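Peer 1: Sequence order for the protein chains is B and L.
Positions 3 to 561 (our numbering) are the ones given, in order, by the first sequence.
Positions 3 to 561 (our numbering) are the ones given, in order, by the second sequence.
Please note that a few of the clues may not be correct.
Since the list can't tell identical chains apart, any single copy or any two copies may satisfy a pair.
Stated by the list, open to error - Here are the computed lysine-lysine pairs in the BS3-like style, where the Cα-Cα straight-line distance is at most 25 angstroms:
1) K287 x K132
2) K503 x K533
3) K327 x K439
4) K65 x K549
5) K533 x K507
6) K119 x K549
7) K326 x K187
8) K326 x K439
9) K119 x K109
10) K327 x K437
11) K321 x K63
12) K386 x K549
13) K386 x K67
14) K227 x K296
15) K326 x K437
16) K358 x K374
Calculated directly from the structure, the hints in this document are not laboratory data.
Quick caveat: nothing in here was measured; it's all calculated off a predicted structure.
2 protein chains.
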Amino acid sequence: MKKTQQPNLRIIPLGGQGEVGLNMKLLEYERKILIIDMGLGFPGENMPGIDCIIPNISYLKGKEKNILGVVLTHGHYDHIGAIPYIIPRIGSVPMYASLLTKGIILKRQEDFANQPKLDIEEVKDGSRIKLGPFQIEFFRQNHNIPDNLGLFIQTPVGNVLHTSDFKFDQSPVNELPTDFEKLRKLGQRGILLLMSESTGAEEEGHSLSEKTIFQNLDEIFKKVKGRIIAASFSSMINRIQQLIILSEKYNRKVAIEGYSMKTNVEIAQNLKKIKVQKGTFIKTKDISKFPDSKITVICTGAQGEGRAVFMRIANREHKFIHLKKEDTVIFSSSVVPGNERTVQILKDEFHRQGAKVFHYRMMDIHASGHAKQEELSRMIQIMKPKFFLPIYGYYSMLVKHAELAEEEGIRQENILVAGNGQVVKLTPQRISLEKEKVPSNYVMVDGLGIGDVGEVVLRDRQVLSQDGMFVIVALVDRQTGKVRGSPDIISRGFVYLRESKELLKETRKRVIAIVNRAAGSGGALNWSYVKDELRNKIGQFLFSKTKRRPMILPVVIEV
Amino acid sequence: MKKTQQPNLRIIPLGGQGEVGLNMKLLEYERKILIIDMGLGFPGENMPGIDCIIPNISYLKGKEKNILGVVLTHGHYDHIGAIPYIIPRIGSVPMYASLLTKGIILKRQEDFANQPKLDIEEVKDGSRIKLGPFQIEFFRQNHNIPDNLGLFIQTPVGNVLHTSDFKFDQSPVNELPTDFEKLRKLGQRGILLLMSESTGAEEEGHSLSEKTIFQNLDEIFKKVKGRIIAASFSSMINRIQQLIILSEKYNRKVAIEGYSMKTNVEIAQNLKKIKVQKGTFIKTKDISKFPDSKITVICTGAQGEGRAVFMRIANREHKFIHLKKEDTVIFSSSVVPGNERTVQILKDEFHRQGAKVFHYRMMDIHASGHAKQEELSRMIQIMKPKFFLPIYGYYSMLVKHAELAEEEGIRQENILVAGNGQVVKLTPQRISLEKEKVPSNYVMVDGLGIGDVGEVVLRDRQVLSQDGMFVIVALVDRQTGKVRGSPDIISRGFVYLRESKELLKETRKRVIAIVNRAAGSGGALNWSYVKDELRNKIGQFLFSKTKRRPMILPVVIEV
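Construct all of the structure, not just a fragment, from the sequences and the given hints.
Peer 2: What follows is the structure, encoded as structure tokens:
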């Protein structure tokens with residue numbers, strides 16, 4: 003039987019399929035490549051010292067000329083943050099982003115040296131662009147940042163709908179309500195494949211409307227007599243807008259604190275994506291000029307980030323904001339998994355100093371900005387896709403989202419859960435995984451280094467962080483083969499040296515004995531053998547005395 | 003006005019007031035000291051390499067002979083785990099614990115060398131002991147481990163009730179239901195001070211009955227055809243009992259995996275605190291001899307602990323348990339704050355391999371074992387104490403619990419929130435905080451070292467973990483003052499050395515220049531100046547090239 007190669011679309015997720023963040027997907031048709039988002043990811047606990055992770059773009063190597071363009075859905079770093087790392091490697095390509103997204107991208111470029119000038123075309127709700135075989139229509143989606151755009155992509159195999167991050171909200175703040183009519187019309191044009199975000203797939207029910215959150219916050223503002231100090235993500239523009247509106251309602255001046263918060267507010271304000279009355283904003287150093295009841299501080303650090311404003315206030319290290327018992331502290335964003343303990347400790351510190359603390363567990367003053375199960379199901383009902391590919395989220399979220407799709411009547415064989423680097427093949431008849439896998443291991447960014455920190459360096463950092471290190475420097479007399487003088491020992495993170503003189507003395511004795519014994523055997527010294535002996539024997543000795551295993555680094559120098 | 007010193011009771015929390023874990027409280031009356039619990043705490047993220055933390059017992063130094071005894075409420079490590087570290091320091095004192103608690107304590111002693119023999123008297127529900135001015139009656143409290151005892155303590159100032167960890171459960175598994183009648187009778191005898199646990203104080207409603215959890219688990223067991231692999235805490239004896247009962251109900255053999263799990267099950271079984279039919283238990287190596295539908299594995303590692311059984315199964319490193327698509331994996335305990343991301347990654351790994359995964363977010367197959375707000379309020383209603391001291395929990399939980407007590411009608415001035423090391427003074431008329439503070443900073447255990455790792459060592463470990471280290475060894479000729487040969491460089495955790503030859507070459511050049519310049523200035527060399535120069539200049543140079551700041555350790559040796 004003769005098999006003809008049908009035209010097919012390849013969908014290749016380079017990130018975001020097995021983690022929250024790192025979002026980047028490729029759509030490939032007859033070698034032409036469309037890129038959706040270029041986000042960064044957050045380093046895990048097993049990646050000490052790493053600044054962030056970025057998608058692995060090895061697959062694009064040699065295919066740069068085939069890249070049609072990059073479409074950016076919204077201005078969050080997990081969707082745009084990898085641009086300054088990736089663009090210099092693939093060269094200038096046309097980019098498409100909404101007004102605010104573009105503003106945030108361009109502002110961020112200033113933090114990076116020697117960046118090529120970006121070629122970003124502005125798009126908005128209703129814009130259409132044609133890139134090779136792809137025709138893309140942008141439609142607005144509610145989230146917690148304005149100017150978020152979903153994608154309706156006409157491809158030669160059929161229509162693909164990409165939701166971007168979204169929630170359904172009929173009474174949002176700072177945005178128009180969800181336009182279900184528009185969504186239905188998109189659905190009626192026939193959706194071959196729905197790619198829908200999965201962050202909230204394990205959460206039952208419906209996300210809160212921003213209006214509800216607004217009312218909850220209003221309750222707090224109404225009661226509070228002292229200052230209000232509210233922390234959030236700098237990227238949650240709509241939450242910041244709410245806090246500003248409420249401050250204005252209750253005649254409070256607003257001080258914005260924290261570099262990223264200031265930057266984002268400035269961008270949003272310039273682009274008229276945040277509305278602020280004249281005279282509302284004051285400088286932080288001026289807060290003491292107003293009565294406490296007239297002050298709101300909006301700052302960074304709701305995740306307990308070490309150097310952010312919130313932490314500095316809690317630790318009494320902030321120049322102008324000194325906590326008082328009458329202050330009310332609001333954690334106005336949900337906790338990112340992994341930060342729970344740090345946030346708890348921060349919260350406790352505020353409590354200890356007597357401030358009133360509000361957190362989302364106590365009142366619903368947060369909303370994740372992500373659709374929960376009811377909304378995800380509704381999106382599937384509206385789009386009625388033939389095929390379904392859950393995107394954006396931990397693997398367990400993708401699996402749960404796939405189960406929801408099945409409950410909504412999508413046939414099991416038409417649903418695919420794909421991990422990073424897997425190649426999804428889509429024809430009008432079938433969705434399947436190719437055998438081929440594309441490199442997708444994390445690329446770590448550390449300072450100026452992109453991808454140069456690998457397993458070896460990371461493992462060394464982990465070992466160093468556990469029990470520290472122990473360097474032994476021994477000089478050996480070339481003539482006699484014996485150790486000359488007393489070996490130097492440099493140790494950090496192992497024991498408190500001043501209180502370990504006996505241990506060091508005994509160690510030196512053993513070092514001399516080990517080297518001299520090797521020398522006594524006559525002939526040319528096998529230095530690598532001597533070093534191994536030092537590493538093993540001194541390691542065992544130190545372990546027997548301390549039950550710790552510092553990294554032992556012997557240096558033997560002939561003089 | 004003459005002020006007579008009234009007899010007063012001093013309550014001194016050495017741990018557990020501002021964290022979950024590390025529970026240890028002192029009751030002191032006219033210098034006589036009663037100790038309640040000796041628990042360990044879990045190291046924070048800022049304590050790399052630390053095994054655990056223990057309460058600071060500096061206050062007891064010189065007062066050893068005044069210690070009347072130690073009362074242990076139940077067999078969880080956060081209540082008994084510090085015994086092997088503390089008892090050798092304060093010497094043998096009478097201890098009081100229930101049968102199972104005693105069994106767990108004695109078994110654990112075997113892991114520690116040179117421990118004094120413990121003098122543990124067994125107590126149970128209804129036992130009474132007299133220790134100096136204190137008369138203690140033990141009463142059983144439901145939790146998730148059998149043999150948990152609350153304390154009714156008659157003191158010269160009045161009756162103190164200490165709840166231990168507890169939940170109210172009218173249909174528990176493996177225990178009798180809560181005896182409200184007995185609690186009411188205790189309350190009717192007049193409670194001057196209630197010390198009640200606060201772990202669940204921020205949770206609304208009522209904790210789940212173990213019976214509900216049992217039914218949820220039964221639903222899973224009923225449906226599942228393949229093997230069941232369930233992870234839990236080894237200390238959650240009652241959860242383990244439930245899994246055994248259900249396995250027996252559905253004719254499954256049970257393999258217990260993981261050292262601590264095996265140990266605890268063995269102790270509990272020997273003391274008849276767990277019931278197992280003959281023939282239920284099999285060795286893990288024999289699981290392949292039975293059909294998959296007849297196998298349950300109960301193992302450690304539900305928190306994503308690196309070396310535990312669950313993780314080894316997920317990573318395909320377990321000798322006998324190789325995951326199959328038909329397996330069902332159950333996370334049957336809630337996630338300890340801080341472990342969320344690790345647990346998520348573990349869960350994803352099981353999903354990726356195609357197993358069916360149940361977690362507490364999807365079904366209520368966990369219960370925290372701790373009273374939530376309704377139960378905490380009810381405890382206050384039953385005891386009707388004059389004074390209230392919330393114990394056990396993060397500071398925010400203590401504050402919330404204090405608010406609950408106020409809602410229950412306790413007068414605000416009769417409620418106290420105390421942190422570790424604060425001294426609570428109790429008279430029949432008044433509860434207050436003394437000005438005096440007792441040392442309560444954490445004592446860290448690392449290998450054989452107890453308390454020897456301090457700020458310096460920890461900070462070094464943190465620095466090392468971020469950007470690694472960089473040792474420079476330069477030999478200087480005594481005659482010429484010039485560097486002899488090429489300086490040695492030993493670096494780990496900084497850059498991948500093999501790919502950084504240029505950087506190292508350039509660094510060596512600079513080292514030679516810096517040392518030679520210093521030598522050129524004539525006179526005796528100021529070595530500490532030379533070392534500072536190396537540290538600063540080489541540090542700056544490496545930062546300019548990499549934007550990383552490894553710890554720079556210069557070694558200059560005259561030869």
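Peer 1: Enumerate the violated hints, using their earlier numbering and listing them in ascending order.
Peer 2: Numbers 1, 4, 7, 11, 12 and 13, in rising order.
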